[in-house]
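Residues per chain are reported as follows:
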Amino acid sequence: MAKRIDVSGLSAFYGTHKAIDDISMTVEPRSVTAFIGPSGCGKSTFLRTLNRMHEVTPGGRVEGKVLLDDENLYGAGVDPVAVRRTVGMVFQRPNPFPTMSIFDNVAAGLRLNGSFKKSELTDIVEKSLQGANLWNEVKDRLNKPGSGLSGGQQQRLCIARAIAVEPQVLLMDEPCSALDPISTLAIEDLIGELKERFTIVIVTHNMQQAARVSDRTAFFNLSAVGQPGKLIELDDTDRIFSNPSVQATEDYISGRFG
Amino acid sequence: MSHAIQDQRPTRARKSAAPASLTRGGLPRWAPAGIAVLAIALGCGLGLALDLSSKVQWGLIAGLLFIGITYTASAVVENRRQAKDRVATSLVWVCFVLAVIPLLSLMWTTISRGLELLSGNFLSHSMNGVTSFDEGGGVYHALLGTIEQVALATLIAAPIGLLTAVYLVEYGKGRLARSVTFFVDVMTGIPSIVAGLFILTTWNLMLGFGPSGFAGAMALSILMMPVVVRSTEEMLKLVPNELREAALALGVPKWRVILKVVLPTAIGGISTGVMLAVARIAGETAPIMLLVFGTQLINGNPFEGAQSSLPLYIWEQYKVGSEPSYDRAWAAALVLIAFVMILNLVARGIARWKAPKTGR
Amino acid sequence: MASTTPTQIDTAPPVAKSGRSTGRAGDKIFAGLSKGSGILLLVIMASIAAFLTYRATIALSKNEGNFLTTFDWNASANPPVFGIAVLLFGTVVSSIIAMAIAVPIAVGIALFISHYAPRKLAAPLAYVVDLLAAVPSIIYGIWGALFLVPQLNGLNLWLDEYLGWTYVFEKTQVGVARSLFTVGILLAIMILPIVTSVSREVFLQVPRMNEEAALALGATRWEVIRMSVLPFGRSGVISASMLGLGRALGETMAVATVLSPSFLISGHILNPGGGTFAQNIAAKFDEANEFGRDALIASGLVLFLLTLLVNGAARLIIARRKDFSGANA
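If you read the protein sequences in the order shown, they are chains X, W and G.
Note that full-length UniProt numbering numbers the first sequence so that position 13 is 13, with each residue one more than the last.
Note that full-length UniProt numbering numbers the second sequence so that position 51 is 51, with each residue one more than the last.
Note that full-length UniProt numbering numbers the third sequence so that position 91 is 91, with each residue one more than the last.
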């Protein structure tokens, strides 16, 4: 299932403003990679270039290459719709479709891609909800609107929706920042389980969270406000948090700025 | 390069939703434009070949062909989902074109036909002594009537509307405010002819007054009030509460806070709303027809005797049905449109210039 | 706060001189004035209903025909015979045609402006649509009569030839296209701008994150619109349509210029003839005696109630939407 991501020489722009500059990195399959860094350093922008969501933003533009195994996401003839099907995403704020039931929310992505029998659909929805550790809480009210769930449940619903289409990669943009500590813990546990099946990239503001959930950590920084963000270093999480090779990383992690 | 990806796919019985490859056969970028040109050419060709007199049909044929060809081409080269997406896109474009054509035609007809007769002479003369089939004459009396009636209506409606909005935003609570809000909404939908009939029953039939510009102005003011209330309300709501509280905390009485702080902050938006309402009523014909009656002469006194107005003048000239009168109708239509559009543009100019800085 | 305020309103002249208590008096007067204006609006609405009803009852008491079913309008004759059957039919049919044409197209244009048009084009387009909403109806009327009617003759014949078997599109009477069908098309063109601009506002309010949720699942643009934009905007579009319907029902001049009126009810919408409430009032007013006017007022009352109904329904839908808005808690 999971695929490797190879990024080389990637820059992203908003109109004429360069948001991130010349980033190259490799994300290993079946692992969790965390992006950390101060606000405005472009880590979320970078995440959104990995499934071509950046170009949805008005004025958004990308230069460089992102290889998913061997295929360049920005190559000629690549269909962004297919890219987003292959690289799933979970957003900062839970965003279930407000007019759909819990069941329909999970089935939404599947229904886009051709016809499934009712029984198949029920099967996949159940598996996905179980995969998101939500099944036991909602199995009796699958036809109720998804917006009636608590924030943490909504976010797990969104994760279920994302994994239902079996993507190769799962991108998470600060998935816990709008949640309480208990829900956060539930999501973190879930991430640990999901990495058996997916390549996971997570943006987080919370360094403890990065230390808890990720195998590898990338630190982003910007030299000044208005300057593009850059990748400072990417290493095993243990090393980043114990013995980083760049001074700025250590300063950030020890709370000297950011 | 896609075979590598194929190899990695799990060989499961289930239909995987995952696409085999990220790339797909696609129509070239110029395809929509190309298909559009083709459809228009075919539409015109068919129209000529079948000798269809109406250009409306040519256009409809071209539109249908455009959608059909797009779907077929996309379904063959791409896939069903892409085809649906493309059909939706082309439908939206066709809607746009469908709507733009009549509206453009309306503007073009009015301007080109109107310019034939429009001159200083036309603006400065009345229809006094000009019979329906004569050439000549002008709109001076109608323009004068419109301006007077609209000004009177504004004098009545603007203060009432403004104060009502102040009441709703600054004072209003409870059932009275709720019912005012509801009935303002309902009032927005009153047909202009009903407003005319109302003034007719009260002012003319009950109180026995004859037709006059003022009677028309009263009907217009009924149409204008809800519009003023709504737009003023929106603007007052935009004034940040901190501003009110800051002034109140200084010990300023509430009514002065409203007069000196709230209203001045919102004045740009309020005047825009009033001007848009003015533009709206300036084109009303029906109540004028019932209440102001129309005349060929210059009557500068809106309180006594029949007057004319631009929309009424257009209606009268249209009804006569002679070539010179059609020409006059178009020229008057152009004057009216110019009048309304200038009001609109000025209003929107004010809105942009004095927009409250809400930081959005 | 100075005592030299130039905008001192005349209702509170003694205020500025004596300190604190003055504010109270000013407050009372100002609050009273604004409350009075609100009440005045209610009084106007109430008296519209009351006076129209009063005159209408006079007319109805002497009517020799059946007000609801009579196919004729001879209110100035002696004895007066008039009924609204034809007018009600014409008003409803022309409005239905207008809605059937205008709503889908308006939704299309609104989507075009909010989601399809190049950004540089979208803002000026929205602006132009708003301006078009201000074009006076009499101008739509003469354009419709002098330009649109000749253009539609061909379409009418064509519809008759190929769709005549549907009965509705059968043209049994010769004559130019001064029919309810043409009126419907013209009304559609007229209400297009207003329906478009309200719908566009609603579509632009769709939370970005709802659209991104669909995009991230690999939805095409159309699928994004179907999954997140249209469900969110549905009630807004409905209320926009109701606003448009209200206008179409009460439109006078555009109908009066285009339609060649007759007092027949015919399901063949391409046939010239028919009538609407507002058009009938405009057409019959000049020749009506005092009693004839009362009869017209009675028909105006029905139109008033009809628009009240439509507008009330629109408000209810909007109010419900506030409770069930798609926003996350």
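Some hints could be false.
[Unchecked claim] Only pairs whose alpha carbons sit at most 25 Å apart, straight line, appear in this in silico DMTMM-like list of lysine to aspartate or glutamate: (1) W:K319 to G:E287; (2) W:K84 to X:D104; (3) W:K319 to G:D72; (4) X:K144 to G:E290; (5) W:K319 to G:D286; (6) G:K35 to W:E170; (7) W:K84 to G:E212; (8) W:K237 to G:E212; (9) W:K319 to G:E290; (10) G:K28 to W:E245; (11) W:K254 to G:D27; (12) X:K18 to G:D27.
The set of hints was computed from the structure by calculation and includes no laboratory data.
What hint numbers does the structure not satisfy?
4, 8, 12
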